[in-house]
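Peer 1: Position chains Z, R and F with the ligands relative to chain B; hints supplied.
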Amino acid sequence: MTRGSRLHIPHPPARPGEEPDFSYLETSPAGAIARPDINAKTADIEHLAVELIRVLDDDHNAVGPWDPRLDPGELQIGLRHMLLTRIFDARMQRIQRQGKITFYMQSTGEEAVSVAQGMALRPSDMCFPSYRNQGLYMVRGRNLVDLMCQCLSNTRDMCKGRQLPIMYHWAEGNIFSISGNLGTQFPQAVGWAMAAAIKGEDHIAASWIGDGTTAEADFHYAITFASVYRAPVILNVVNNQWAISTFQGFAGGEKRPFAARGPGVGIPGLRVDGNDFLAVHAATQWAAERARRGGGATLIEHVTYRQAAHSTSDDPSRYRPKNDAAAWPLGDPVERLKDHLIKIGEWSEDRHEALIKELEHVVQAAWKESNKYGTLTEGPWLDNDLMFDDVLKELPPHLEKQRAELRALEE
Amino acid sequence: MTRGSRLHIPHPPARPGEEPDFSYLETSPAGAIARPDINAKTADIEHLAVELIRVLDDDHNAVGPWDPRLDPGELQIGLRHMLLTRIFDARMQRIQRQGKITFYMQSTGEEAVSVAQGMALRPSDMCFPSYRNQGLYMVRGRNLVDLMCQCLSNTRDMCKGRQLPIMYHWAEGNIFSISGNLGTQFPQAVGWAMAAAIKGEDHIAASWIGDGTTAEADFHYAITFASVYRAPVILNVVNNQWAISTFQGFAGGEKRPFAARGPGVGIPGLRVDGNDFLAVHAATQWAAERARRGGGATLIEHVTYRQAAHSTSDDPSRYRPKNDAAAWPLGDPVERLKDHLIKIGEWSEDRHEALIKELEHVVQAAWKESNKYGTLTEGPWLDNDLMFDDVLKELPPHLEKQRAELRALEE
Amino acid sequence: MAQMNMIQALNSAMDVMLDRDRSVVIIGEDVGYFGGVFRCTDGLQRKYGEHRVIDAPIAEGGIVATAIGMGVNGLRPIAEIQFADYIYPGFDQIVSELARLRYRSAGDFWSPVTIRTPCGGGIRGGQTHSQSPEGIFTHVSGLRVVMPSNPYDAKGLLISCIESDDPVVFFEPKRIYNGPFDGDPDKPAIPWSTHAKGEVPDGHYTIPLGLAEIVETGSEITIITYGTMVHVSQAAAKTAGIDAEIIDVRSLAPLDVDTLVASVKKTGRCLIVHEATRFSGFGAELAATIQEECFWNLEAPIGRVAGWDTPYPHAFEWEYFPGQKRVIAALSNIMEAK
Amino acid sequence: MAQMNMIQALNSAMDVMLDRDRSVVIIGEDVGYFGGVFRCTDGLQRKYGEHRVIDAPIAEGGIVATAIGMGVNGLRPIAEIQFADYIYPGFDQIVSELARLRYRSAGDFWSPVTIRTPCGGGIRGGQTHSQSPEGIFTHVSGLRVVMPSNPYDAKGLLISCIESDDPVVFFEPKRIYNGPFDGDPDKPAIPWSTHAKGEVPDGHYTIPLGLAEIVETGSEITIITYGTMVHVSQAAAKTAGIDAEIIDVRSLAPLDVDTLVASVKKTGRCLIVHEATRFSGFGAELAATIQEECFWNLEAPIGRVAGWDTPYPHAFEWEYFPGQKRVIAALSNIMEAK
Ligand SMILES: Cc1ncc(C[n+]2csc(CCOP(=O)(O)OP(=O)(O)O)c2C)c(N)n1
Ligand SMILES: Cc1ncc(C[n+]2csc(CCOP(=O)(O)OP(=O)(O)O)c2C)c(N)n1
Ligand SMILES: [Mg+2]
Ligand SMILES: [Mg+2]
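Residue numbers (the working numbering), protein chains in the order written: chain B, 1344 to 1754; chain Z, 1344 to 1754; chain R, 437 to 774; chain F, 437 to 774.
Derived from the structure by calculation, the hints contain no laboratory data.
All residues carry an ideal CB built from backbone N, CA and C; glycine is no exception.
Fair warning: there could be bad hints in the mix.
[Unchecked claim] Here are some chain F residues pointing at chain B (derived, C-beta under 7 Å):
id, residue
1, 466
2, 483
3, 491
4, 494
5, 497
6, 560
7, 562
8, 564
9, 733
10, 744
11, 746
12, 749
13, 750
14, 752
15, 754
16, 755
[To be verified] Quick list of simulated restraints, FRET-style, between CB atoms:
id, chain 1, residue 1, chain 2, residue 2, range
17, Z, 1467, F, 653, 53 to 59 Å
18, R, 543, B, 1721, 24 to 30 Å
19, R, 641, F, 614, 55 to 61 Å
20, B, 1721, R, 694, 38 to 44 Å
21, Z, 1467, F, 475, 55 to 61 Å
22, B, 1417, F, 621, 44 to 50 Å
23, R, 769, F, 642, 34 to 40 Å
24, B, 1661, F, 621, 27 to 33 Å
25, R, 543, B, 1417, 33 to 39 Å
Excised from the complex, chain B in its bound form (with noise of 0.2 Å):
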């Protein structure tokens, strides 16, 4: 029956055993688009969301309108929290590798995404994130123990031991809770930023889901939404190529680049080099301000590359070339920005040494100090009791019930 089938199958353009090859990427020059006015209609900007965003050229210089001329002391700040962000993931899969923890999930790779976009917001704005945007807490200085006794689910796990390592959230900092359901965060970012703008307030909220996810509904209500109520808010489509072992294509990536959805609804689509701190920096920058001062919603979609597994439970070789990444056209987000500060003379590979070092040590001793609280194998452990408390405000009858039968049982 299907001798003759005529379905259309999108294929990767490599699989394991053959070259990388990133011969469908559409990617403009450094420098080479206009930066419109922040009040332009999203009808005179649709190129934007084909075109690509890029700042740092291939000598390293940052060129072009969309140049966020930040000084060089921030660059080097959005450098350590990139590497922060780096040598935080891959300690903590070493960690789960010495099955200490259950699960991770490594941001390998993106860390600009997070990284940039969270220094271009103000703190008080909300983000609603996805599993891979824990540069977000390094960029708002999370105490990096609070993220690893999360990951341990021990006495000092923000979540009380509920949720999956990585399940992070942080009301303080501004930072919603994720959700192991993909893409549910991006309509409710929307609301909170409708929300906001119902009480008058020019906080703008951001949200963050993968490619493979903008086919869930989840994305069209948040893009709908926005559009419709021309709601304060960002909207994040990380592009790293894969979702699991399915390339973008699954997801309608093949035909048109993820960043058209917005103008498709009337939002405006910004189709950004993901690996390039400083365009997304000012990609961002451009959409906060817009969202700030009443133009509504942005959907920013960053090309980038997933260097690592999907997960610790994921093994890529099954289904793309084991060099991929290193073949990726945008390159990598540190080592770019590290070059580009080189290059203007306010780095060193010296330097860029003893930050990598210095960083080894902080989350060396981070971890020392998470497992003072208790660890998957040796105490303290977390009170049975809680797993009754927070299903609603009070504990109700049959819950205190359950709590006791558990009680008795334990005894």
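Peer 2: Only chains Z, R and F with the ligands this time, still in chain B's reference frame:
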């Protein structure tokens, strides 16, 4: 708290008591838009999603490259189907008002969509309609008695009494069952089309939803899957400007035509004068041929106006000017085709009057016959046992038991 | 005090809350300018503005999701789902998000959304305007599920729900919007003004969540029911001449087990009546709990009268609806047992 | 005959059906080239091509919807939902469409979709990789709901589901994919090769839908259970030294009431065990039915052991999971009653 609300709330241009105002409607002159090759690249024909494909000009001539050059005979048939649809609707509306059926929904003013599209498709193409596509049944020649018996839930009801009036279906006629849940049929049509492609057949699917329904998840699933698998399907958005009481701006139509959602995911979008029989026919032909030749899906937005109330449960005078429909800039589809036929010398006022009389008679006769199979108040009635059939293919034990319980009670 | 039907009582509850608490907002399809397809929000947009009574796109999932986000940002949203039959596109946001947010964030985030939705049949609505899906939501930890049976309760309970920091799904049995209904469609409609619970205070008052109400005291059997079926059960018990204790559950989850158990221990017999389909309906939980708690007092098996396990059929509405006849048959069955 | 674990058995069922019936297709996230995150479809795309084993966008609602459309067009789709916790975005398409299509069109349209989805906890998956939402689906008229407890049944039941013209939600308890599990996470893992039901024919065979299986005959009490908990219950009864009749429900809806009732009438006592949360879980329906049918034979209240009424907590997994300890406590309770 809302003193300073900055939320944008869409507004219809006129409310009851105000003058109708359709200045928001962007149109193109008839004949002004080029008809691209059916193999055109989506990226090259994005303008078709914002311009308005029109064939009939203000002098009732058919002009420009989209003129489908149909035989006068075909046009007369189209006129007949549209008139029959309208007369059927008017009669059923009256019948509901007399309390003889429980509910009804008219398609007044939107007849060209179903009729011209139904005629442009092949009988073997599969239709997944909404509740306002009764014109498809006229085109495909379903006995009016069958439709009326469904509305009566009588002994000849194709749905065996299980559905609200107008929720028809017709397996042999390749028209799918109507659900009460908005939009669900849209991605189902895509699945049907995928299966046709898998089987190597050249049948295509077509589906219809309203402007309001584009906000539902199913719309997004449909365009996404259609894009990913290049499914041979025509996805139609019938933008009749209203979703019950809410203006199309609440679905995101204020900023950008619904047709533009197509290019947003990489499928062509055509924005068509939905009251122009020839334009609708031509656009459908284009999309059908493209789909049949392996070019994949097209999203067509039909710009039209819901002249009547949403349903028999609705009273539009509560939310829009009473004379709105008369002021609609794109006129009335029946009148426009009639005027065109007269203009080309293939029709006359007299023939028109005679046709109306004839069709009124046809409808009246069908109603008389339908009543023989039972009405709300008079038998014969459907056997109660039928309530338990078709839940599963075979009657399971628990329903056998429940059926017996009911039988015992009824004795 | 005023005479109110259920629509007016619900409207009054929202009016009172919009007036008292500037964080209260309403969002839903046709709720704003139009005032709702059942007119429950009639006049509220005119009074409180279109930034607080907000017309929404037709996207139940988007409505729930944005309401959640608004709740996280300090508002207290009331989301209307036009028919309970259309709540399913919002199911993931309700179950995975609204219900679990407080738990997964250890109490640091939560969203006090109240979802109002008309349910139930008996209005010739066919399979997609008649459903009673409340049982499904009672299985979801982290939600409150409420269904009133009269105007007085409707207002008091809805105000409690809006004020509650827990998420609530609030089902409104639309068959009794305009008057109590004893299950006989051939009788002329009766207005709420004929019913004691049609007297409703104009201002603010609450009925606590989590408490059932004994609407008839009796000694021979306990009928546990809610929504429209409260009235059908009352009429049936009367017709059958059975001295039934009739309990209106009102708060389905968390459930007032104590009141139910005390009654069944007293009467020794129990019938559960609801309109939703029987298999795995909420009556199953009620029966399972009652048999466990009252086993030694039960003189007969607990009976269930419920909708048949089919979709709600348009033409067979009154054969489907669990009317007095079926309640009476079940009552006799149980009374005659042993 | 071969030794198969549950993953291999499921894979074999699909392999057999793809081979026998060219209308069978598979669609789901990561099911194609990759072979599924649990590897249930491993090798099938290589063997049958990417037009029959189809990788899908991440849109559970779209997967179910397109599967429905394919089914209407003569295919026989198997849709995989990667985790049962992610079935909710597809809920409307399952409940309003898949389940009701045959009924609303009076049998003229129907779609024989089988939805496969891994469920249950005990794998440190946290709140969104551990849920057991089967009870919800049993309340939906027009669906079959199935959950196997071993490789032999998994294959035979899955083939029946694929061949069935009714829509099915087929739950796969992922904790026992690789081996039976008695509830003790500290014991070394046991492979299916040690279990009689790990012997699986290579070819085509079916296990009829709608039939429960008595996995242990006994006289003192009936344990009604399914999925992972079959094994926990067996171990618990053994540890407790109770001569329990243990029934694996397998087909939850429609339910094999006769087998359950006959057993409880014989033993006079009944315990229901499932992993899903207790309140309004499927155990409620089981208890409600059993008390109704077996009232006069019951010597003690029917007990329920189930997950606590909270989300599935990552750190408290083994305090949450209804393990042997809780089953044994409930058994003694019931045995000692009166
Ligand atoms: C609703 C839902 N469906 C499926 C999954 C399983 N799942 C987890 S991550 C993932 C891939 C997501 O890909 P993408 O959106 O591109 O994000 P990335 O992981 O690349 O950052 C899938 C399918 C889920 N968590 N939630
Ligand atoms: C899922 C769902 N939500 C809400 C409704 C109630 N409803 C029925 S028709 C309608 C308006 C639809 O408007 P539109 O899509 O523009 O179609 P039109 O009626 O204008 O043809 C609404 C909200 C429904 N039937 N299904
Ligand atoms: Mg990705
Ligand atoms: Mg409309």
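Peer 1: Would you mind marking each hint as holding or not holding in the structure?
Peer 2: To see whether the hints hold, each was checked on the structure:
no. : hint                          : result
1   : 466                           : holds (5 Å)
2   : 483                           : violated (12 Å)
3   : 491                           : holds (5 Å)
4   : 494                           : holds (4 Å)
5   : 497                           : holds (6 Å)
6   : 560                           : holds (4 Å)
7   : 562                           : holds (4 Å)
8   : 564                           : holds (3 Å)
9   : 733                           : violated (27 Å)
10  : 744                           : holds (5 Å)
11  : 746                           : holds (5 Å)
12  : 749                           : holds (5 Å)
13  : 750                           : holds (5 Å)
14  : 752                           : holds (4 Å)
15  : 754                           : violated (10 Å)
16  : 755                           : holds (5 Å)
17  : Z:1467 with F:653: 53 to 59 Å : holds (57 Å)
18  : R:543 with B:1721: 24 to 30 Å : holds (26 Å)
19  : R:641 with F:614: 55 to 61 Å  : holds (58 Å)
20  : B:1721 with R:694: 38 to 44 Å : holds (42 Å)
21  : Z:1467 with F:475: 55 to 61 Å : violated (40 Å)
22  : B:1417 with F:621: 44 to 50 Å : holds (49 Å)
23  : R:769 with F:642: 34 to 40 Å  : holds (39 Å)
24  : B:1661 with F:621: 27 to 33 Å : holds (28 Å)
25  : R:543 with B:1417: 33 to 39 Å : holds (36 Å)
The structure is inconsistent with the numbered hints 2, 9, 15 and 21, although it conforms to all the rest.
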